[in-house]
Structures are given as C-alpha cells and as structure tokens.
Amino acid sequence: MKLKNLLRAALRSLGKNKMRTFLTMLGIIIGVASVIAMLAIGQGSKESIQKQIANLGTNLLTVYPSASMTAGVRMEAGSSVKLTMDDYKAVASRCPAVLYSTPTVRTSGQLIASGQNWRTTVWGVYPDYFDIRNLAIEKGAAFTLNDDRTASKVCVIGQTVNKYLFGEGQDPAGKIIRINKIPFQVIGLIAPKGQNAWGQDQDDIVIAPFNTVQVRMMTVTYIQSIMLSATSEKAIPIATDEVTQVLKERHRLGPSEDADFTIRSQADISSAATATSSILTALLASIASISLLVGGIGIMNIMLVSVTERTREIGIRMGVGARGRDVLLQFLIEALMISLIGGLLGAGLGILASGVIASLMSWPVTITLQSIILSFLFSTAIGIFFGWYPARKAASLNPIDALRYE
Amino acid sequence: MGDLEVHALRGVNMEIHKSDFVAIMGKSGSGKSTFMNIAGCLDVPTKGEYMLDGVDVGKLNKDQLAHLRNKKIGFVFQSFNLLSRTSALENVELPLMYNSNISSKEMKERSIRALESVGLAERSHHLPSQLSGGEQQRVAIARALVNNPVVILADEPTGNLDTRTSVEVMSIFQKLNTQGITVIIVTHEPDIAAYTNRNITFRDGRIQKDFIVEKPRNAAAELLTIPVLTEEETI
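As you go down the protein sequences, you meet chains W and U in turn. The numbering of the first sequence is our numbering, which starts it at 1 and goes up by one. The numbering of the second sequence is our numbering, which starts it at 407 and goes up by one.
Quick caveat, the hints were computed from the structure, so don't treat them as lab data. The C-beta atom is built at its ideal place from N, Cα and C for all residues, glycine as well. Hints should not be assumed to be uniformly reliable.
Simulated crosslink set (BS3-like; lysine-lysine; CA at most 27 Å straight-line) [as the list claims (entries may be wrong)]: (1) Lys4(W) <-> Lys478(U); (2) Lys4(W) <-> Lys511(U); (3) Lys433(U) <-> Lys615(U); (4) Lys2(W) <-> Lys477(U).
Just some of the chain U residues that point at chain W, by a computed CB distance under 7 Å [said to hold, decoys possible]: (5) Tyr456; (6) Ala472; (7) Lys478.
Assemble the whole structure, with the sequences as input and the hints as a guide.
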C-alpha cells in the first residue's frame, strides 16, 4: 500500500473514534507537555544560577582564614589564625596570575541620614574591588587609592541603602551619612546588582576605603579575607596554586601540611550549584517521562482493543490482497499518528505551560529546542514501541478466521 | 493423543475452465467451504495440487498468496463484508490500494467503471449503511471485479437477500459471465444454482455430482416478471 493511502486510512480510522483517539492522545499530550515544562524549569533555574554566580564577579577567588585549626606549634602561642596586610601584599605582588586584588574587612553599621536610619554591612576594600565584582557606579564616583591612604571618610552606597535613607532615584552624592556615629560623605551610588544566588540583596551595601573601615571603624590590624580575580578563567587554578604557595610559605607551612586558609573560587560555587540544579532537572524530567510511558501503555491498550474490534476489516483487507506487512504498517501508523500528533499538541501545551509558570510564579523558565526535539523523539519511540505488539497481532491473523469473526 | 487430522476434502479432482459459471452445492460439513478457501488462495491443500491460471498455488507463501488474491481473485461474501463508514467508491478501490502499480487517478476511474457495471455509479459516495442489502452486495461485486480477476468466488452471495434481489444479483453474475469472467458461487439453493452453467455437489469431502446445466435460467428475463416490492430498493 502506498504511504499516502496508508496515512489516509490511518487518519480515517482514527477519525471514526474521535473521543477515544483524543483520550488516548491525551496521555501523550500530558506526558510531552510535562517533560518540556519540567526541562524548561530546570534549564531556567540552572541558567539563572549561572548568571547570578557570574554576577558575583569575574574569575573571582576569595581567600579566607580557615575556621578549623589543626594541632600545631602556632596554637600554643594562643594566636588565632588571621590574614594580615603583609599576607595581602605578598599575594598582590608575587602572584602573576592575579589581576585585581583587595584586602577586605566588613562590619555592620547603623546608618543615619536625614532623619532615617538603616542597618547594613559596611565593606572596607581597595578600589580594585569594583573591578573584581563588576560593580558600576551609577551616580557620582568611586573612591581612589588616595582616599584609602588618607583613610578619608567617604563611601559609596547601594541602591537599597539609598532607597531607605534618601528615597528611590535620589542622587546621594555629596550627602553626609553617619555610620556608627562617624560622619561619612557619600560620593557615589552603585548600579543595581539584584539578588545573588542565595537570595541575598547585593544592593544592601556600603563600601568605604579599606583603611577607613579597618582603622577608624573597627580598630583592628587583621584583614578578614582577600578577594582577587584571576587574569582569565583558565588562570583560576594557576592563581589558586600561586596564592596557596605564597601563603603557605608566609605561614611557614610545608607543602604537605594542611593550609590554614581556604580559597574558594567562583567556579567551585558555580559547579556545585549547577550540579544541584542538574540533579533536580533530571529528577523532574524522569517523573514527567513516567507519565509519557503511561501514555504509551494507553496507546497499546487502545490499539489492542481496536485490532479485536476490526478483525473483520483485517480479514477483508487480507482477502483482497493485503499482505501481513501492509496490515502491520497500517496499525503501526495509527499508533504513530496518535503519538506524533499527541507529541505536537503536547509540545505546544508544554510551551504554553512554561509561559504560565514563568508569569504566575515568576520562576525563571528557558525552553530549549533540544528539550522539544527530545520529547518529540521520545514520544515517537513510544508510539513505535507500544504500537508494535498490537500491529504484529493484527498482521498475524489468519484471513479465513478473520473473515468469519463475529 | 495427538491432533486429529480431518480430511475436509478427499480425492477431489476437477477442472474449472475459463468463462465457466459454476455452482458449488452441498450440506454444511460437505467440504464446500474448504474448497472455496483453497480456490480463493486463502488456504493451501495439505496434499495435492491446485493450479490457478498456470500458478501452482500449493507452493506459495503467505505474501505470495496475498499477491495472487489481489491479482487473480475477486471475493463476494454472504454478509457483503464492506468496510463500514467508508463510501461505496472507496470500498471498491480497496483491492487496488494493495496494488502499488496503479495511480490514484486510475484507481478511481477503474472503480467508477466497476460500479457502473453493477449499475451503482450514481451511488458511489453513499456509505454501506445508506444502501439496501442488494445494493451493498452489488458494491461487493464491483469490488470483486475491479482488479480484473481470472475468477470471482462468491460464497452464498444471495443468502441474505430476498427473492427479487437475489435474482438481480444473479443477473449481474450472468452478465459478467457472458463477458468472459469465470464465476464460482457456493449456494445451497437449487433455484440459485439453476442460473449457472455447471453444478457440482459435495458430500463428505468428495464430489457427489458434477453436471452441466442444459438450460440455465435467465435472470435478466425473469427480473422483468417479478413485481417490485419496495420503492426504495429500486432507487
């Protein structure tokens, strides 16, 4: 039988039982739609996590003193492990793979300005910090190394701080705020940065010169962490090695001894976060594929019923010269049509559902072409797999018995 | 205990010639159905030979049998066996669908011609449920005709029809036979067998009688004398 005639015959017999065909199809429609929607949610959250992590800074590395202390000579002196300005200077001058670097200290500060008050974190950093974190100044200007040297009482503030102290959209440059009773002049407003991967508001921040915060506000001599950026993404492991070597040498630790500091890279955070999201996506998609599988079983069930109901028809067709493979193809094509049309409608519904999820729940959703192709191929495979057995059964009927079937 | 072998046909030896019009008669269990199944290439004999138009059917596999049915045989059944919810024309087209050498245009032309020869051209788009029993059987005859078979096999073609319609159907078979088509019908009504040229009676798997009908009845002529019972049936 020619393909055109086969398709026409399949369409006709599906059309004879519209309700039944639609209900059978519904299994595939829901299956495909949920696979696409689940993959879209998974992909969307993965991308948004990646974006947020990239937002942390370019090729960012952070060096912290280790929280845990191992037994050793340095414990006896009672000195806690801290990073010092000398550590920072050594890292900054002796690591060629490091592009920007800054020592950091941070403290919480009660801000008072124009009758309003707000509590937030105050960071003390070098101007390199703006490059490391990709911070842009929206209004006014950033402070300079000169401000740091003179420990001037200037600061830049984030959007959230500006909103609560001066009002949204106001230009805070030149205004005076009191941070823990010390008056600071605001010289710049940071461009909005949004939430980070953990839901933290990155605009709720005050940034001041390192020396100002360390000496004037905190009156300490240590530094809390060193933030730096590698020259390129590829240079991140090299920079990590260089920093480890320099700091171990300065802390008089042998190469085999545990470091008393931790280096965290943006890549570490990123891979951990995306791994979690990948597992979640796989989980969601596999649950959704189960419904596709159940849809396939529905096709098989209906095709078996159809073969029994149409035994006479099969007998007539065989009587007038249909070979086993003609009958097999006819039923297989019917099963395939259910799954293919179901797949198409399901893809449409999946895209629609993803859009609804995105707008109603404001989840990040990304539909990829691969996910559509994948679920389409999957539904086709299911059509062939579950259609084969009923079609085989139809094709193996004996025409004499089939013609006599009541 | 093994399967009991039943010999539905034993020692049957006959020749049916081109342009014959044969009636196969016999009680149920006489072997006439088995004969028709073998003649129609739906089954092959366990022993012995069946030559159809020069082809040794006994040696063919299932696909080859299907091909042979498609090319050389036209079936007409007692219960019409039309595909429901499929128009008369498309029912007639069915055998040609399984012949890949025929274009859809030719398929349609030949089907309309076959319907014309049974007088149903104007009903080609009716569904079987919209046709009377006689008309349905005429569609079935058109379907049997459409592939230009060497033989038309009709199994109790008048079994479900009233007298007048039966005569109508027989007149069509007689007309086709005069055009040179070989027709074999199975019937248990001697009245119907009387329209054919040769009667073969089976009994217990053997041929009991085989004779030439000297003066076959003329269905077309009788049709004029039978009153029309219902209006709808004659259009």
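Would you list, in rising numerical order, the hints stated earlier that this structure does not obey? 5, 7
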